[in-house]
Amino acid sequence: MADVRNRFPSSLLILSIAAVFLSGCSPKPPVEDGTLVIALPGAPSGIDPRLATDAYGAQILQMTHASLIRMDTAGNPVPDLAERWEERSPTEIVVRLRDGLRFHDGKRLSSADVRYTFEWILDPTNRSPHRATYEKIRAIATPDPRTVVFHLSEPFAPFLTGLVRGIVPDGSRATGYSPPIGAGPYRVDDFQQDTAIRLSRHEGYYGGTPGIERVVVKFLPDSNVRFLELKKGSVNFVLNGVDPDLIPTALESGNLVMEEAPGSNASYLGFNLRDPVLSDQRVRRAIAFAIDREAIVRTLWKGHADLADSILAPAFWAHADGIPPVRHDPFAAMRLLDEAGYRDPDGDGPKPRFRLTYKTSQNELRRQIATVIQEQLRKVGIAVEVQSFEWGTFFSDIKKGNFQLYALTWVGILDPDIYHYAFHSGQFPPRGANRGGYRNPEVDRLVEEGRREPSREKRKGLYKKVQVLLARDLPVFPLWINRNILVRNRRLSGFVITPDENYTSVKEMVILGEKGEGK
Amino acid sequence: MRGYLLSRLRQMIPVVLGVVTVVFLLIHLIPGDPVEIMLGESALAAQKEELRRELHLDRPVAVQYGEFLLGLATGDLGTSFRSREPVLREILRRIPATFLLAGASMVVALLIAIPLGVLSAMRQHSLYDHLSGFLAMLGLSMPNFWLGPLLILIFSLGLGLFPVSGYGTAGHLVLPAVTMGTGMAAILMRMLRSSLLEEIRQDYMRAACARGLSRRAAVLRHALANSLIPVLTVMGLQFGALLSGSIITETIFSWPGIGRLTIQAIEARDYPVVQGCILFIALCTVTVNLLTDLLYFRLDPRIRHE
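Residue numbers (my numbering), protein chains in the order written: chain E, 28 to 546; chain S, 9 to 314.
Honestly, the hints are just simulated from the structure, not real lab data. Don't be surprised by glycine CBs; every beta carbon is placed ideally from N, CA and C. Incorrect hints may appear among the rest.
To be verified - The calculated label-pair distances, taken between Cβ atoms and stated as ranges, are:
#, chain 1, residue 1, chain 2, residue 2, range
1, E, LEU496, S, TRP154, 44 to 54 Å
2, E, LEU149, S, ARG67, 24 to 34 Å
3, E, PRO341, S, VAL69, 46 to 56 Å
4, S, LEU161, E, PRO341, 39 to 49 Å
5, E, GLU162, S, GLU275, 51 to 61 Å
6, E, VAL105, S, LEU165, 34 to 44 Å
7, S, LEU161, E, GLU541, 25 to 35 Å
To be verified - Residues from chain S that face chain E, not an exhaustive set, calculated with beta carbons under 7 Å:
#, residue
8, ARG16
9, LEU165
10, GLY166
11, TYR175
12, HIS230
13, ARG268
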């Protein structure tokens, strides 16, 4: 008996250690089990298409909730749940649904579900952050189960982009972390906020059963951990989540491959046009000339970015070609500053022409970029003080106009109507995002016309003029557009990288066998 | 004993209220608008005003504070601006992970600190003592943001023993617990060593040895228990800190604890959740301190007699 008592704790200890080891060790990498494991740099606040606003939520919804339409790589609307649509008049849009659509629970998806989804968002008591997107909807009619008619209060060209919104079943309530079901290629099996979401394929998806059976999306905020998970094989797909510095090391093993494609998120330098120094267009242009964007892209982004001439990506349908690029020219910068009356008081000496503050977030790479720009501006005689803040404080300052220079990135531009929001003189914060206080009656007229004009070709012409005017006035200086970088297991195939980091094509993916054959 | 307990419980109320009040004021003073964060920049001004009214954010801070206290008295911590879940549910959901990690880290710390501290004291100035002193310095000097990835590199990538990150199995617990427990082990070990050295030099130890007890038996049976009292104080403080969550460790290992919830709530200016989390942290800290004091009663008869 005494023996048993003495031995028990050590046996228990050994058993516990064995249990820990066995439970912790995955017998084989997930790709062998037919599982795609995606890492996202953050956790979504929720997975309800009517409420989600963060990028992570939107990316998961692209796999779980189908919309009436979706956007192709050039930003053109293409059918999703809708079979077709037509504009009977500028204020009446008729959408015809595909036949045989089903939600994850097998129930039919009809026009009533579509109407419910949009009416739920428009109901003020539901406090949907997307309500403003649909404020032009006057009524929604459903003459039959496959037809939805949107009646608008006035012509609104960007309306179609608003139809990229996941449809939920009639009667779905908002229930915090329990997402409503959808009709996308994957259903949600388990959502552990802060940790991971598990999805399995929807057999009744209208586009055919997806190739990969299970998808796990892990929320890994630490970039080193994302890299280590990739190296270990417990994550096999990371889009824009691996530090440029770590990519060569990630690819060393041979199990991982990298793909790169143009992106759409444009970084820019914002100027406060209310500032006496920065109100002078020559000063803004001099700053643009003084910044060596090529050097920053080469050294800090390791070449994974393209220089920008507009806040719209070159592949986007409304992007204007032929805008003269701003080349790095410190001598031209100094000449312009002299012309503007800001002569260097002591030549190469320490005294600057004038001082500016540059606000940025606490992101390490953004701070490094700020430091490089600080040094480049010092060379033309502009002293810059870099101030980095926690995101909430930084963004609050920008919106209040409490800045001279700041750097930010436009994310998720779906329509050129962004120019109305960001540069119209009636869109100063808090109403809009004209944070620098830019005023140009010609731009105001063009962007107002652009949002009323139904013809895409005519809109393109209008926004081309806007882009030319903005390139002349430089209320903001477009810096670069980051390229989208996918690091994935070499056996995963079929994903199409879109400029807007869309996960829609996960449904097209397959896991190839060891020798490259389909599995 | 009962009188003491009641008086300590009475003292807890102003401490917790004080902490919650300071945090309430601070979170309302820092820039950042929860309505803008919830609705996005493109929301209509009228919509923002409507929501601000609905969330009572248009009222003076003093009125909001009064409402918060009233809610607190009825056990209602409010609703998260971000997830629209009741704050209490948000916190309760994170408690198992928080307690699990804190408990496991403490176990790791004790498993390292007690044997090393005792051996170090018993063999003062030996090579072993110097080595354990060096290890303690190393443990204290290694920041979690460095130690965590290092452990992953060795035990997860190199040896393949544990998962890199996540939550759910016992294997997921090991590396975060070791990361958090190492620094604490170093403090406890040095504390135990110095406290034990003092006890070893007491007369009763000499008497015990004179009665024929071996030095080892005398230390383990008599000196160790007495030397644990100051260690217990540090343990209590450290455990309170562990329960408040380690944002860095939780972020590295993708651990769904209270620390990550707090930081996410601060970033989103989710006032009710920030207040709820701070209340939880304050309550944990004062409760652990109270329990530590109560343990003194059990361990030291002199305190009981006082």
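Hint check:
1. For the hinted restraint 44 to 54 Å between LEU496/E and TRP154/S, the CB-CB distance of approximately 51 Å keeps it satisfied.
2. Checking the proposed 24 to 34 Å range against LEU149/E and ARG67/S shows it holds: the Cβ atoms sit about 27 Å from each other.
3. Remark: the range hint 46 to 56 Å for PRO341/E to VAL69/S is upheld by a beta-carbon distance near 49 Å.
4. Range check, LEU161/S to PRO341/E: about 40 Å between beta-carbon atoms, so the 39 to 49 Å window is met.
5. Between GLU162/E and GLU275/S the beta carbons are some 28 Å apart, a value that contradicts the proposed interval 51 to 61 Å.
6. Our hint of 34 to 44 Å for VAL105/E and LEU165/S holds, since their Cβ atoms are close to 42 Å apart.
7. Taken as a hint, the range 25 to 35 Å holds for the pair LEU161/S and GLU541/E, whose Cβ atoms sit roughly 27 Å apart.
8. Taking 7 Å as the C-beta contact cut-off toward chain E, the hint placing ARG16/S at the interface is violated, the least distance being around 35 Å.
9. The beta carbon of LEU165/S is positioned within 7 Å of a beta carbon in chain E (closest approach about 5 Å), and the interface hint is therefore held.
10. Restraint check, GLY166/S versus chain E: the minimum CB separation of about 10 Å is more than 7 Å; hint violated.
11. Taking 7 Å as the C-beta cut-off, the interface hint given for TYR175/S holds, the closest approach to chain E being about 5 Å.
12. A least Cβ separation of about 24 Å between HIS230/S and chain E goes past the 7 Å threshold, and the interface hint is therefore violated.
13. Nearest Cβ of chain E to the Cβ of ARG268/S: about 6 Å, under the 7 Å cut. The hint holds.
In terms of the numbered hints stated before, the structure departs from hints 5, 8, 10 and 12, listed from lowest to highest.
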